[in-house]
Amino acid sequence: GQQLNQSPQSMFIQEGEDVSMNCTSSSIFNTWLWYKQDPGEGPVLLIALYKAGELTSNGRLTAQFGITRKDSFLNISASIPSDVGIYFCAGHPISGTYKYIFGTGTRLKVLA
Amino acid sequence: DGGITQSPKYLFRKEGQNVTLSCEQNLNHDAMYWYRQDPGQGLRLIYYSQIVNDFQKGDIAEGYSVSREKKESFPLTVTSAQKNPTAFYLCASMDRWRGNQPQHFGDGTRLSIL
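In the order they appear, the protein sequences are chains A and B.
Mind the numbering: the first sequence is residues 1 to 112 in the numbering used here, read in order.
Mind the numbering: the second sequence is residues 1001 to 1114 in the numbering used here, read in order.
Okay, chain B solo, but in the shape it has when bound (with noise of 0.2 Å):
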């Protein structure tokens, strides 16, 4: 079955960690993308990836990092320079090379400090 994998479900970061969320597609999408997503609001771009080896910063991408080493992997990390990382992150795919496609997403991770 195609599709995206986030995982895991649920991560808890004591203060001072760095954490990474794993994020891995089988659809063959160039593009990935993680967003965040807080209570009541919409959807906030942190980072996004064209193409491998290669992302750029998105609206709120400090404190965040990631890595793009394979077309299928996307991971994030989340640093101890982001003082507020309890949210869901979703990470997102789309096959840009056949016009405005659609993104289609994982499942999300929920971020908790302990």
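The following block holds chain A by itself, in its conformation from the complex (with noise of 0.2 Å):
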């Protein structure tokens, strides 16, 4: 099946740096999800976008459907240690089933 292309794959921050991370497709999706999992946990919807160039944020979160439709951006400023999991991304194609398409996550680590 078809899966996201996300980076970076992991990165350690210090605590107070910005993160930025994004997600690329050769389809062309109509909404764009960002989730974060803790261990041993569900992933946690974070935001959702579903027009081009949509920029949403939520918190210290921001995360913006790209103008190609291909991609999307998640940005987290002044990062804390609570931070710390993985961050995914999916899309859902035009096609119009009811299928999302994940992203393979990007792990995040925050140094205090």
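These aren't lab readings, by the way, just hints derived from the structure by calculation.
Please read all numbers here as calculations on a predicted model, not as lab measurements.
Cβ atoms here follow ideal geometry from the backbone N, Cα and C, with glycine treated the same way.
Some clues are possibly wrong.
Computed spacing ranges between beta-carbons, pair by pair [unchecked claim]:
no. : chain 1 : residue 1 : chain 2 : residue 2 : range
1   : B       : 1067      : A       : 39        : 27 to 37 Å
2   : B       : 1077      : A       : 39        : 25 to 35 Å
3   : B       : 1095      : A       : 54        : 14 to 24 Å
4   : B       : 1079      : A       : 40        : 18 to 28 Å
5   : A       : 97        : B       : 1012      : 33 to 43 Å
6   : A       : 51        : B       : 1095      : 32 to 42 Å
7   : A       : 15        : B       : 1018      : 16 to 26 Å
8   : B       : 1113      : A       : 40        : 13 to 23 Å
9   : A       : 15        : B       : 1086      : 14 to 24 Å
10  : B       : 1060      : A       : 93        : 10 to 20 Å
11  : B       : 1054      : A       : 12        : 26 to 36 Å
12  : A       : 53        : B       : 1062      : 33 to 43 Å
Cross-link-like lysine-lysine pairs, in silico, BS3-like; alpha carbons within 30 Å at most [unchecked claim]:
no. : chain 1 : residue 1 : chain 2 : residue 2
13  : A       : 51        : A       : 70
14  : A       : 70        : B       : 1057
15  : B       : 1070      : B       : 1014
16  : B       : 1014      : B       : 1083
17  : A       : 109       : A       : 36
18  : A       : 109       : B       : 1083
19  : B       : 1071      : A       : 36
20  : A       : 36        : B       : 1009
21  : B       : 1057      : A       : 36
What the simulated footprint calls covered on chain B by chain A, stretch by stretch (three residues with Cβ under 8 Å from a Cβ of chain A suffice, anywhere in the stretch; the number is not a length) [said to hold, decoys possible]:
no. : region
22  : 1034-1047
23  : 1100-1107
Need the complex rebuilt from these two chains, each delivered in its own frame; the hints are there to steer you.
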């Protein structure tokens, strides 16, 4: 099955630093989702994007729906230790099925 | 509180044994999904159901079976034919009648082989 290219795969950052990650696809999507997963738990929805160019914030998190509709970006500002976890993107193809395609995740570790 | 409940949290399977993972939702969602997650990998779709009494194979359905007799419930059976069942299993649901709604996830079941 198709999976999205998500980068970076992992990153270590210092507390207080800003974080950027992205997802790219060869297909056009009409919805992008960003989730965070803590160890041993299910993914929790952070941000949902529905229009090309859309920029949406949730606290210190900001995500954007790429203009080409083939990519999306997530930024975390002023990281804190509880930001640690795995961040997944998910995209919904324009084919009209009720399935999302998931990225392989970015593992974030924050050094205090 | 509305949500998705998966049980058990941890499950152990003996060789040759079938085991069933439970997924219940009270969100009144029509669509439900089962994913498998292996370390360092993304989510792979096993089965999904868009409506009661109907379900479709996902990308890795071999060795698994499902049923959808009630809107609230979508149990997954890991059969003895699944030779590498050790993984984290996630159930999700979605309100498919309101455009491209997000999928919401349960807290997962970790399956291991004895």
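Results of checking the hints against the structure:
The hint said 27 to 37 Å for the Cβ distance between residue 1067(B) and residue 39(A), and at roughly 30 Å that hint holds. The hinted window of 25 to 35 Å between residue 1077(B) and residue 39(A) holds, with their beta carbons roughly 26 Å apart. In this structure the hint that residue 1095(B) and residue 54(A) lie 14 to 24 Å apart at CB holds, the actual value being about 20 Å. In this structure, residue 1079(B) and residue 40(A) meet the distance hint of 18 to 28 Å, their C-beta atoms being roughly 25 Å apart.
Distance hint for residue 97(A) and residue 1012(B): a CB-CB separation of about 35 Å, consistent with the stated range 33 to 43 Å. Between residue 51(A) and residue 1095(B) the CB atoms are about 19 Å apart, so this pair departs from the stated range of 32 to 42 Å. Roughly 47 Å separates the CB atoms of residue 15(A) and residue 1018(B), a value that falls outside the hinted 16 to 26 Å. Our hint of 13 to 23 Å for residue 1113(B) and residue 40(A) holds, since their Cβ atoms are close to 18 Å apart.
Separation of residue 15(A) from residue 1086(B) is about 35 Å and departs from the stated range, judged on CB atoms against 14 to 24 Å. Separated by about 19 Å at the C-beta atoms, residue 1060(B) and residue 93(A) satisfy the suggested range of 10 to 20 Å. Against the hinted window of 26 to 36 Å, the Cβ-Cβ separation of residue 1054(B) and residue 12(A) comes to about 45 Å, which falls outside the hint. Between residue 53(A) and residue 1062(B) the beta carbon distance is about 41 Å. The supplied range of 33 to 43 Å therefore holds.
Note on residue 51(A) and residue 70(A): the hinted pairing holds, with a Cα-Cα distance of about 12 Å set against a maximum of 30 Å. For a cut-off of 30 Å, the pair hint linking residue 70(A) to residue 1057(B) stands: about 26 Å separates their Cα positions. For the suggested pair residue 1070(B) and residue 1014(B), the alpha carbons sit about 29 Å apart, so the restraint of at most 30 Å is met. For the hint linking residue 1014(B) to residue 1083(B), the alpha-carbon distance of about 11 Å falls within 30 Å, and the restraint holds.
Proposed proximity of residue 109(A) and residue 36(A) is supported: the alpha carbons are some 13 Å apart, at most 30 Å. Among the hinted pairs, residue 109(A) with residue 1083(B) is inconsistent with the structure: their alpha-carbon atoms are about 33 Å apart, more than 30 Å. For the proposed pair residue 1071(B) and residue 36(A), the alpha carbon gap of about 27 Å is at most 30 Å, so the pair holds. The straight-line distance between the Cα atoms of residue 36(A) and residue 1009(B) is roughly 19 Å, inside the 30 Å bound, and the hint therefore holds.
Proposed proximity of residue 1057(B) and residue 36(A) is supported: the alpha carbons are some 26 Å apart, at most 30 Å. By the rule of at least three residues with a Cβ nearer than 8 Å to a Cβ of chain A, the coverage given for the region 1034-1047 of chain B holds, with 7 such residues. Proximity of the region 1100-1107 of chain B to chain A, defined as three or more residues with a beta carbon under 8 Å from a beta carbon of that chain, is established by the 7 residues found.
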